[in-house]
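J.: Taken in order, these protein sequences are the chains called A and B. Under the working numbering, read the first sequence as residues 1 to 135, first letter to last. Under the working numbering, read the second sequence as residues 136 to 488, first letter to last.
Think of the hints as simulated: they come from the structure by calculation, not from any bench. Cβ coordinates follow ideal geometry from the N, Cα and C atoms, glycine included. All clues stand as given, with none of them false.
In silico EDC-like pairs for lysine to aspartate or glutamate, Cα to Cα no more than 20 angstroms straight-line:
1) B:488 with A:116
2) B:485 with B:333
3) B:488 with A:117
A short, non-exhaustive set of chain B residues, derived as facing chain A with CB atoms under 8 angstroms:
4) 194
5) 197
6) 234
7) 238
8) 240
9) 462
10) 466
11) 472
Far from chain B, by Cβ distances over 10 angstroms, these chain A residues were calculated:
12) 30
13) 40
14) 43
15) 46
16) 79
17) 98
18) 100
Residue strings, one per chain:
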Amino acid sequence: MEIPRHWRLKQQRYSLVGETCPHCEAKIFPPRDVCPTCGGEAKTQYTFSGKGEVFSYTTIYEAPSGYDETAPYTVALVKLEEGPIITAQLTDLGDQPVEIGMPVEMVTRKLRSENEDRGILIYGYKFRPVLSRAA
Amino acid sequence: MPENTLLKPVKPVGIVGYGAYVPRYRIPAKEIARIWTGGKDSVPIKEKAVPGLDEDVATMSIEAARNALLRAPVNPQEIRAVWVGSESHPYAVKPTSTIVAEAIGAAPNVQAGDWEFACKAGTEAMVAAIGLVGSGMAHYAMAIGMDTAQGRPGDALEYTAGAGGAAYLLGPAEESLAVINATFSYVTDTPDFWRRPEQKYPQHGLRFTGEPAYFKHITEAGKTLMEASGTTAKDYRYAVFHQPNTKFPQRVAGILGFTKEQIAPGLLVPVIGNTYAGAAVIGLTAILDIAEPGDRILMVSFGSGAGSDAFDILVTEAIKERQGRAPKTQDYIARRTEIDYGTYVRFRDKLAK
Chain A
1 MEIPRHWRLK QQRYSLVGET CPHCEAKIFP PRDVCPTCGG EAKTQYTFSG KGEVFSYTTI
61 YEAPSGYDET APYTVALVKL EEGPIITAQL TDLGDQPVEI GMPVEMVTRK LRSENEDRGI
121 LIYGYKFRPV LSRAA
Chain B
136 MPENTLLKPV KPVGIVGYGA YVPRYRIPAK EIARIWTGGK DSVPIKEKAV PGLDEDVATM
196 SIEAARNALL RAPVNPQEIR AVWVGSESHP YAVKPTSTIV AEAIGAAPNV QAGDWEFACK
256 AGTEAMVAAI GLVGSGMAHY AMAIGMDTAQ GRPGDALEYT AGAGGAAYLL GPAEESLAVI
316 NATFSYVTDT PDFWRRPEQK YPQHGLRFTG EPAYFKHITE AGKTLMEASG TTAKDYRYAV
376 FHQPNTKFPQ RVAGILGFTK EQIAPGLLVP VIGNTYAGAA VIGLTAILDI AEPGDRILMV
436 SFGSGAGSDA FDILVTEAIK ERQGRAPKTQ DYIARRTEID YGTYVRFRDK LAK
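Just need the whole structure built from these sequences, with the hints factored in.
T.: Here's what the structure looks like:
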């Protein structure tokens with residue numbers, strides 16, 4: 001029964017809510033209450049912009065259980081604008097090739113469904129190529 | 136006509152922010168015709184939008200609502216209602232709206248509920264939100280119309296059942312980019328289209344969906360709103376109607392006295408399909424994207440079952456500065472990856488496994 005864990009993590013997963021360190025101003029994700037940069041206590045909430053770039057990536061063909069519905073999919077290390085590097089799926093790639101350094105933006109998507117069609121739906125962050133906008 | 140024919144709030148209400156969403160994938164109608172009629176059918180639209188494997192009404196509503204908030208200088212904690220109208224809610228029991236409210240930072244001091252009235256669930260939520268704000272109960276309320284519409288393989292609806300929609304943040308008129316002068320609703324018990332519990336695909340009454348359903352309700356709602364407001368089609372720069380296919384909104388526009396030019400910017404069905412609860416409201420976002428201060432807009436939705444909500448909208452000076460703060464409807468339409476019928480079958484979970 002993983003429902004309590006998913007419920008506890010919903011804010012960081014839905015909206016990239018992490019922390020900012022009051023001592024050295026480092027931005028922290030995932031939130032851990034202790035600053036990985038200076039070691040001070042860091043409990044101030046901070047919502048990340050969701051902008052970043054692909055630091056590295058790989059494509060998964062043999063997906064772990066629960067993720068096989070969407071395989072093959074691409075997982076990336078995304079370097080957020082504010083500093084931290086996080087692991088996330090890329091989405092909405094269409095026929096667009098992935099490149100290191102590619103600008104991406106956070107979207108909230110369905111990560112998987114528990115217990116096939118009977119369990120809860122788990123939502124969380126993924127990243128997609130930045131939407132082009134007409135001038 | 137009785138004095139209280141029109142729905143008007145005590146305090147004037149308007150649209151403070153709006154946002155659209157359309158998924159990336161498109162299946163051309165001729166690709167669907169290739170499978171079922173050897174390509175011989177004449178097709179009702181060019182192509183329709185198809186959601187990706189990780190998209191549903193919750194995720195699409197979140198993005199549209201975030202776009203609405205980008206256009207509105209509002210703290211999400213001040214929003215007192217998040218209402219999502221759809222006929223494709225991801226759960227049968229458990230609100231889509233709580234997921235959206237949480238993701239946009241509006242929880243926990245908020246009304247949240249899912250609305251259902253076939254294709255007019257979104258405008259039904261908008262009218263309720265106008266009431267909530269206009270009565271003074273809430274300063275802001277978010278109303279969303281969004282769908283990932285279902286079409287049985289081989290059915291006529293499969294050509295058009297698309298995906299997309301829009302979110303509207305309603306608030307005080309003085310903060311608005313467009314003021315809602317009044318609304319009018321026309322509802323009867325008309326069984327033109329329905330889906331019974333646990334059925335995956337809807338049924339429809341074939342030709343019955345036209346005259347007694349779509350045309351009757353939209354013309355009654357639109358005509359009465361204009362008569363009671365003392366306006367005619369000439370007073371409006373733009374109009375947008377529910378759009379299940381290309382012909383119906385063109386014909387109903389003509390009946391109500393509107394020209395092709397007045398409906399062109401909001402007529403999105405040829406390129407994204409019928410987005411059901413999202414259809415009229417995403418047509419309106421495309422219009423607001425290009426509207427000028429002083430433009431007057433008529434919007435009339437239609438939901439099977441059946442009913443129409445008509446809106447008389449006046450654009451304010453605030454529009455120009457807010458249009459560019461979030462992606463425009465046409466930006467989403469331009470982002471386009473074509474898929475074939477096989478990929479569509481996988482994306483829409485049409486295979487028995």
